[in-house]
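Quick note: the numbering used here has the sequence shown finishing at residue 201, numbered continuously throughout.
I should point out that these hints are in silico values taken from the structure, not numbers from a laboratory.
Do not take every clue at face value.
[Unchecked claim] List time: in silico DSS-like cross-link candidates among lysine-lysine, alpha-carbon distance up to 30 Å: (1) 56 x 28; (2) 28 x 179; (3) 179 x 56; (4) 56 x 46; (5) 46 x 28.
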Amino acid sequence: MTTTDSNQTRQRIFDAAQSIIARKGFSAVGLNEVLNAAGVPKGSFYHYFASKDAFGTALLEHYFEAYLADMDRIFQDPATSAHDALMRYWQLWISNQTSQVECGKCLAVKLGAEVADLSEPMRLALQRGTAQIVERLEAAISRGVEEGTVTIVASPAQLALRLYALWLGASVMTKITRTHHAFEEALQQTQHLLGNQ
5 MTTTDSNQTR QRIFDAAQSI IARKGFSAVG LNEVLNAAGV PKGSFYHYFA SKDAFGTALL
65 EHYFEAYLAD MDRIFQDPAT SAHDALMRYW QLWISNQTSQ VECGKCLAVK LGAEVADLSE
125 PMRLALQRGT AQIVERLEAA ISRGVEEGTV TIVASPAQLA LRLYALWLGA SVMTKITRTH
185 HAFEEALQQT QHLLGNQ
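I would like the entire structure built from these sequences, with the hints used as guidance.
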(Lines of atoms letter the chains of each structure in order from A; the text may use other names.)
(Lines give C-alpha, C1' and ligand atoms only; values in the text may rest on other atoms or scores of the structure.)
Protein backbone atom coordinates (compact mmCIF):
# COMPACT_ATOMS: atom_id res chain seq x y z
CA MET A 5 0.00 0.00 0.00
CA THR A 6 1.40 3.42 -0.98
CA THR A 7 1.52 6.39 1.35
CA THR A 8 -1.17 8.06 -0.77
CA ASP A 9 -3.45 5.03 -0.45
CA SER A 10 -2.82 4.90 3.29
CA ASN A 11 -3.61 8.61 3.70
CA GLN A 12 -6.78 8.27 1.63
CA THR A 13 -7.92 5.32 3.75
CA ARG A 14 -7.23 7.22 6.97
CA GLN A 15 -9.21 10.14 5.56
CA ARG A 16 -12.17 7.86 4.78
CA ILE A 17 -12.05 6.50 8.32
CA PHE A 18 -11.93 10.03 9.78
CA ASP A 19 -14.82 11.23 7.58
CA ALA A 20 -17.01 8.29 8.52
CA ALA A 21 -16.08 8.51 12.20
CA GLN A 22 -16.71 12.24 12.52
CA SER A 23 -20.24 11.90 11.18
CA ILE A 24 -21.10 8.91 13.39
CA ILE A 25 -19.38 10.19 16.54
CA ALA A 26 -20.90 13.67 16.17
CA ARG A 27 -24.28 11.92 16.38
CA LYS A 28 -23.66 9.17 18.94
CA GLY A 29 -20.58 10.14 20.95
CA PHE A 30 -17.27 8.30 21.20
CA SER A 31 -17.96 5.58 23.74
CA ALA A 32 -21.15 4.39 22.04
CA VAL A 33 -19.47 3.86 18.68
CA GLY A 34 -17.77 0.58 17.89
CA LEU A 35 -14.82 0.37 15.54
CA ASN A 36 -16.69 -2.02 13.24
CA GLU A 37 -19.41 0.58 12.70
CA VAL A 38 -16.83 3.16 11.63
CA LEU A 39 -14.92 0.73 9.41
CA ASN A 40 -18.11 -0.50 7.72
CA ALA A 41 -19.17 3.10 7.01
CA ALA A 42 -15.70 3.87 5.63
CA GLY A 43 -15.61 0.70 3.50
CA VAL A 44 -12.39 -0.45 5.18
CA PRO A 45 -11.74 -4.12 6.05
CA LYS A 46 -12.06 -4.76 9.78
CA GLY A 47 -8.70 -6.45 10.09
CA SER A 48 -6.79 -3.45 8.76
CA PHE A 49 -7.72 -0.97 11.54
CA TYR A 50 -4.59 -1.65 13.56
CA HIS A 51 -2.49 -0.94 10.49
CA TYR A 52 -3.60 2.70 10.88
CA PHE A 53 -4.15 3.09 14.63
CA ALA A 54 -2.65 1.31 17.65
CA SER A 55 -5.91 1.36 19.64
CA LYS A 56 -9.34 2.99 19.81
CA ASP A 57 -7.81 5.57 22.16
CA ALA A 58 -5.07 6.35 19.63
CA PHE A 59 -7.70 6.57 16.92
CA GLY A 60 -9.77 9.02 19.00
CA THR A 61 -6.71 11.18 19.59
CA ALA A 62 -5.83 11.16 15.87
CA LEU A 63 -9.45 11.97 14.97
CA LEU A 64 -9.43 15.00 17.27
CA GLU A 65 -6.08 16.20 15.93
CA HIS A 66 -7.38 15.82 12.37
CA TYR A 67 -10.61 17.63 13.27
CA PHE A 68 -8.81 20.57 14.89
CA GLU A 69 -6.39 20.89 11.96
CA ALA A 70 -9.33 21.41 9.57
CA TYR A 71 -11.22 23.61 12.06
CA LEU A 72 -8.22 25.90 12.59
CA ALA A 73 -7.67 26.20 8.83
CA ASP A 74 -11.30 27.35 8.50
CA MET A 75 -10.74 29.91 11.26
CA ASP A 76 -7.64 31.19 9.49
CA ARG A 77 -9.62 31.69 6.28
CA ILE A 78 -12.23 33.71 8.15
CA PHE A 79 -9.84 35.83 10.19
CA GLN A 80 -7.21 36.42 7.50
CA ASP A 81 -9.62 37.82 4.91
CA PRO A 82 -8.10 41.25 4.16
CA ALA A 83 -11.46 42.61 2.97
CA THR A 84 -13.18 41.96 6.32
CA SER A 85 -12.71 43.89 9.56
CA ALA A 86 -11.78 41.91 12.64
CA HIS A 87 -15.16 42.70 14.20
CA ASP A 88 -17.04 41.40 11.15
CA ALA A 89 -14.80 38.33 10.94
CA LEU A 90 -15.47 37.52 14.59
CA MET A 91 -19.21 37.89 14.12
CA ARG A 92 -19.05 35.75 10.97
CA TYR A 93 -17.25 33.06 12.99
CA TRP A 94 -20.01 33.01 15.62
CA GLN A 95 -22.74 32.96 12.97
CA LEU A 96 -21.04 29.96 11.35
CA TRP A 97 -20.84 28.34 14.80
CA ILE A 98 -24.63 28.62 15.08
CA SER A 99 -25.13 27.27 11.55
CA ASN A 100 -22.86 24.29 12.19
CA GLN A 101 -24.39 23.42 15.56
CA THR A 102 -27.97 23.72 14.34
CA SER A 103 -27.38 21.99 11.00
CA GLN A 104 -28.96 18.63 10.30
CA VAL A 105 -25.61 17.50 8.87
CA GLU A 106 -23.76 15.65 11.63
CA CYS A 107 -20.27 15.96 10.10
CA GLY A 108 -20.42 19.73 10.61
CA LYS A 109 -20.96 19.47 14.35
CA CYS A 110 -18.18 20.52 16.70
CA LEU A 111 -16.35 17.55 18.17
CA ALA A 112 -15.04 19.73 21.02
CA VAL A 113 -18.64 20.30 22.08
CA LYS A 114 -19.66 16.68 21.57
CA LEU A 115 -16.65 14.99 23.17
CA GLY A 116 -15.33 17.54 25.67
CA ALA A 117 -17.29 16.30 28.67
CA GLU A 118 -17.50 12.69 27.51
CA VAL A 119 -13.86 11.77 27.00
CA ALA A 120 -11.99 14.20 29.24
CA ASP A 121 -12.35 11.82 32.20
CA LEU A 122 -11.95 8.62 30.17
CA SER A 123 -8.85 9.20 28.05
CA GLU A 124 -5.89 11.35 29.00
CA PRO A 125 -4.46 11.39 25.42
CA MET A 126 -7.83 12.53 24.05
CA ARG A 127 -8.19 15.12 26.82
CA LEU A 128 -4.78 16.51 25.91
CA ALA A 129 -5.73 16.62 22.22
CA LEU A 130 -8.87 18.56 23.16
CA GLN A 131 -6.82 20.87 25.36
CA ARG A 132 -4.30 21.58 22.58
CA GLY A 133 -7.01 22.12 19.98
CA THR A 134 -9.17 24.41 22.08
CA ALA A 135 -6.12 26.40 23.21
CA GLN A 136 -5.30 27.07 19.55
CA ILE A 137 -8.88 28.19 18.91
CA VAL A 138 -8.69 30.61 21.83
CA GLU A 139 -5.32 31.91 20.56
CA ARG A 140 -6.86 32.69 17.17
CA LEU A 141 -9.79 34.44 18.80
CA GLU A 142 -7.34 36.46 20.89
CA ALA A 143 -5.40 37.48 17.78
CA ALA A 144 -8.60 38.53 16.00
CA ILE A 145 -9.74 40.55 19.02
CA SER A 146 -6.32 42.22 19.24
CA ARG A 147 -6.50 43.11 15.55
CA GLY A 148 -9.96 44.56 16.08
CA VAL A 149 -8.69 46.73 18.93
CA GLU A 150 -5.86 48.00 16.71
CA GLU A 151 -8.31 48.71 13.87
CA GLY A 152 -10.77 50.40 16.20
CA THR A 153 -13.56 48.01 15.18
CA VAL A 154 -13.55 46.26 18.58
CA THR A 155 -13.81 48.03 21.94
CA ILE A 156 -13.14 45.87 24.98
CA VAL A 157 -12.71 46.18 28.74
CA ALA A 158 -10.90 42.89 29.47
CA SER A 159 -7.62 41.89 27.85
CA PRO A 160 -7.87 40.13 24.45
CA ALA A 161 -6.71 36.87 26.08
CA GLN A 162 -9.33 37.05 28.84
CA LEU A 163 -12.09 37.96 26.41
CA ALA A 164 -11.15 35.19 23.95
CA LEU A 165 -11.39 32.58 26.69
CA ARG A 166 -14.61 34.08 28.05
CA LEU A 167 -16.25 34.07 24.61
CA TYR A 168 -15.18 30.53 23.79
CA ALA A 169 -16.52 29.29 27.13
CA LEU A 170 -19.77 31.22 26.53
CA TRP A 171 -20.27 29.55 23.15
CA LEU A 172 -19.41 26.08 24.40
CA GLY A 173 -21.98 26.54 27.14
CA ALA A 174 -24.54 27.85 24.66
CA SER A 175 -23.98 24.79 22.49
CA VAL A 176 -24.65 22.45 25.40
CA MET A 177 -27.76 24.40 26.41
CA THR A 178 -29.02 24.25 22.82
CA LYS A 179 -28.69 20.46 22.92
CA ILE A 180 -30.57 20.31 26.23
CA THR A 181 -33.39 22.70 25.36
CA ARG A 182 -33.61 21.98 21.61
CA THR A 183 -34.14 25.71 21.06
CA HIS A 184 -31.86 28.47 19.78
CA HIS A 185 -32.42 30.76 22.77
CA ALA A 186 -28.95 30.12 24.22
CA PHE A 187 -27.33 31.03 20.90
CA GLU A 188 -29.42 34.20 20.64
CA GLU A 189 -28.26 35.18 24.13
CA ALA A 190 -24.64 34.29 23.33
CA LEU A 191 -24.76 36.40 20.17
CA GLN A 192 -26.17 39.37 22.08
CA GLN A 193 -23.53 39.03 24.81
CA THR A 194 -20.77 38.70 22.21
CA GLN A 195 -21.87 41.89 20.45
CA HIS A 196 -21.85 43.67 23.82
CA LEU A 197 -18.42 42.33 24.84
CA LEU A 198 -16.86 43.25 21.50
CA GLY A 199 -18.42 46.69 21.53
CA ASN A 200 -21.11 47.72 19.08
CA GLN A 201 -19.78 49.37 15.96
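Here's how the hints hold up against the structure:
Between residue 56 and residue 28, the direct Cα distance comes to roughly 16 Å. Compliance with the 30 Å bound is thereby established for this hinted pair. Distance check on the hinted pair: residue 28 and residue 179 sit about 13 Å apart at the alpha-carbon level, within 30 Å; holds. Taking the CA atoms of residue 179 and residue 56, the gap is near 26 Å; set against the 30 Å cutoff, the hint holds. At most 30 Å may separate the alpha-carbon atoms for a hinted pair to count; residue 56 and residue 46 meet this at roughly 13 Å.
The hinted pair formed by residue 46 and residue 28 meets the criterion: a straight-line CA distance of about 20 Å does not exceed 30 Å.
Consistency note: the structure conflicts with none of the earlier hints.
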